[in-house]
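Engineer: If you're matching them up, the sequences are chains A and B in order. Remember, the numbering used here sits 1141 above the position in the first sequence when you count from 1. Remember, the numbering used here sits 1 above the position in the second sequence when you count from 1.
The hints are simulated quantities; they were obtained by calculation from the structure and are not laboratory data. There is no bait here: all hints are sound.
Here are the simulated BS3-like cross-link-like pairs (lysine-lysine), alpha carbons at most 30 Å apart as the crow flies: (1) K209(B) x K135(B); (2) K1397(A) x K1342(A); (3) K1303(A) x K1365(A); (4) K135(B) x K1459(A); (5) K209(B) x K1459(A); (6) K1412(A) x K1325(A); (7) K1225(A) x K79(B); (8) K1325(A) x K1303(A); (9) K129(B) x K1325(A); (10) K1463(A) x K1448(A); (11) K1365(A) x K1377(A); (12) K1459(A) x K1253(A); (13) K1225(A) x K129(B); (14) K129(B) x K9(B); (15) K135(B) x K1225(A); (16) K1459(A) x K1448(A); (17) K1303(A) x K1372(A); (18) K1266(A) x K1377(A); (19) K1325(A) x K1397(A); (20) K1448(A) x K1253(A); (21) K209(B) x K1463(A); (22) K1181(A) x K1168(A); (23) K1463(A) x K135(B); (24) K1225(A) x K228(B); (25) K181(B) x K228(B); (26) K1372(A) x K1181(A); (27) K1365(A) x K1434(A); (28) K1342(A) x K1225(A); (29) K1377(A) x K1168(A); (30) K1225(A) x K9(B).
This one's a predicted model, so the numbers in the text were calculated from it and none came from an experiment.
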Amino acid sequence: MYGGGYIFEEPNRVQQREEQLHDDPEKLAAFEMRIAKGEKIEPGDWMPAEYRRQLIRLIEQHAHSEIIGALPEGTWITRAPGFKRKLALIAKVQDEIGHGQLLYNAAETLGKSREAMINDLLSGKSKYSNVFNYPAETWADVTVIGFLIDAAAIVNQVANAKGSYGPYCRALDRICYEESFHLKQGHDAFIELATGTPGQKAMLQDALNRWWQPIMHFFGPPDKVSGHSEKLMQWKVKMASNDDMRNQFLEAYVPKIRELGLTLPDPLLNKNEETGRWEYSDPDWDLFFEVIKGNGPCNKERLDVRKWAEEHGRWIRKALMKEEAFGKKAMPVA
Amino acid sequence: MLLNQLIKELITKMGDDELILGHRNSEWTGLGPVMEEDIAFSSMAQDKIGHSWALYRILHEELGGEDPDQFAFMRSEKDFKCCHLTEMPIGSYDFSLMRHFLFDHAETVRYNSMLQSSFLPLQQLARKVRGELKYHTLHADAWIMQLCRAGEESYLKMQTALDNCFQLACGIFEAGPDDKQLAAENVYPGEEALYEQWIEAIYPVLVKASLNMPERKQPVYGGRYGKHTAYLQPLLNEMGEVFRLNPEATW
Chain A
1142 MYGGGYIFEE PNRVQQREEQ LHDDPEKLAA FEMRIAKGEK IEPGDWMPAE YRRQLIRLIE
1202 QHAHSEIIGA LPEGTWITRA PGFKRKLALI AKVQDEIGHG QLLYNAAETL GKSREAMIND
1262 LLSGKSKYSN VFNYPAETWA DVTVIGFLID AAAIVNQVAN AKGSYGPYCR ALDRICYEES
1322 FHLKQGHDAF IELATGTPGQ KAMLQDALNR WWQPIMHFFG PPDKVSGHSE KLMQWKVKMA
1382 SNDDMRNQFL EAYVPKIREL GLTLPDPLLN KNEETGRWEY SDPDWDLFFE VIKGNGPCNK
1442 ERLDVRKWAE EHGRWIRKAL MKEEAFGKKA MPVA
Chain B
2 MLLNQLIKEL ITKMGDDELI LGHRNSEWTG LGPVMEEDIA FSSMAQDKIG HSWALYRILH
62 EELGGEDPDQ FAFMRSEKDF KCCHLTEMPI GSYDFSLMRH FLFDHAETVR YNSMLQSSFL
122 PLQQLARKVR GELKYHTLHA DAWIMQLCRA GEESYLKMQT ALDNCFQLAC GIFEAGPDDK
182 QLAAENVYPG EEALYEQWIE AIYPVLVKAS LNMPERKQPV YGGRYGKHTA YLQPLLNEMG
242 EVFRLNPEAT W
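Required output: the full structure, derived from the provided sequences and hints.
Structural biologist: As structure tokens, then:
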């Protein structure tokens, strides 16, 4: 999965604007020329401070989304019904953790260590995709996540893979390849319920109703209120607008959902044949910002799990560091 | 007893060990001390659960047993034949790592002993899983060495984990009443022989890691006869929670 479409903005951007002013205008022009020509920027290349900052934020949030995103589905590994689903789900969640690892590595090339990123995640300074702050209540939720959240993430990631920063693009190419396989598994499990017993179908409809708003939130606020995109698009950090990605997702997946005889909980959801764009009720954006602030149903639970892992793993990470210092000498036994 | 019945019992306990430990290892997904270990435990969980599926398929296809999903997700606790080591909660990483080390070496000697088994499906499976197990024991050995050599805190944790796991691990080799017949028929050499080979496999690693191997004093038996710890029933409830909503449905 799992990169959310929306890059959360930090409150204070004054300082960065000043940094941006100090970029050498000639270097900046050359840099922007390279990007316009479609060249990739590599770690050792000159880049504006703001470009670096925005990319760290983007890739870091994406990495966090992978490891936090592993949690709602991860809790269902032990309950997955049958060998086939159990094995597929472990493999999938394992891949997501692997994506987190790849992305932390990509972000590290910009000068922020994995440890610093994890610390910022745990302190709440650094965000992750809002969608993972909702609970997976039933097995049907797992299939909705596996099909539709993965599909939404792919829309975003395929776009970002065409961006300007080399290490991020290469990580995304690999991630998208694995994601397309996850999407098949998710789709398969989703169809199984949609075409199953009345109980299975009801369970799926119920999960779909609960997840629709978080899915609509996934790509971020509408373009008309989401500013600060122009420079990021010019620098090919952000590759498509929130509304365009949302539209692309609706175009591809609403018909697939409806043809299975399922409904979506939005009476206004409809394609306007004249404009070619989907129309829908505005999801509750106040709620969206509340969840970003940490007040969603599962924010605390998700971070608590990560904190548990960090705390319980500390002695092991310490032992790994020490081992290098010891130069592989055996610990003498008294 | 008929040979096929004995083979069924042997495969059941092997499959149950792998399913339950695979299930436990999968609980590390998302919780590992470093991301790389998270991935490693998930990966080994998949292998173990995959082995149990393969074993249950042999029961189903060769020996008239139930459908593998029904067998795994619907059976009652007393019909499970896993050893107590596999049932214990994941605890902390040192416990899970030591369990992984002790169990995977046991699993390796068991499958190695079946490379020549007179029961062909087991022989074929042994050939297939051997390659996977090589990486599991390599992983376990490397981590045991690493943590034992990294200072007093982690060394002591590993020694304590070994002390806590060892009698449980000896319970893997709880002999069945008909081991002699299975050995005579060349299905496998029997639990006592495997125990000896297991000690030979783990002892050099423990010595290199400066760990003191406990004596086999009170092996924790009972699992092979359907007597289990209090941890198994809740695990089975959780595992079957969705499947049992409608065991006839496909999921």
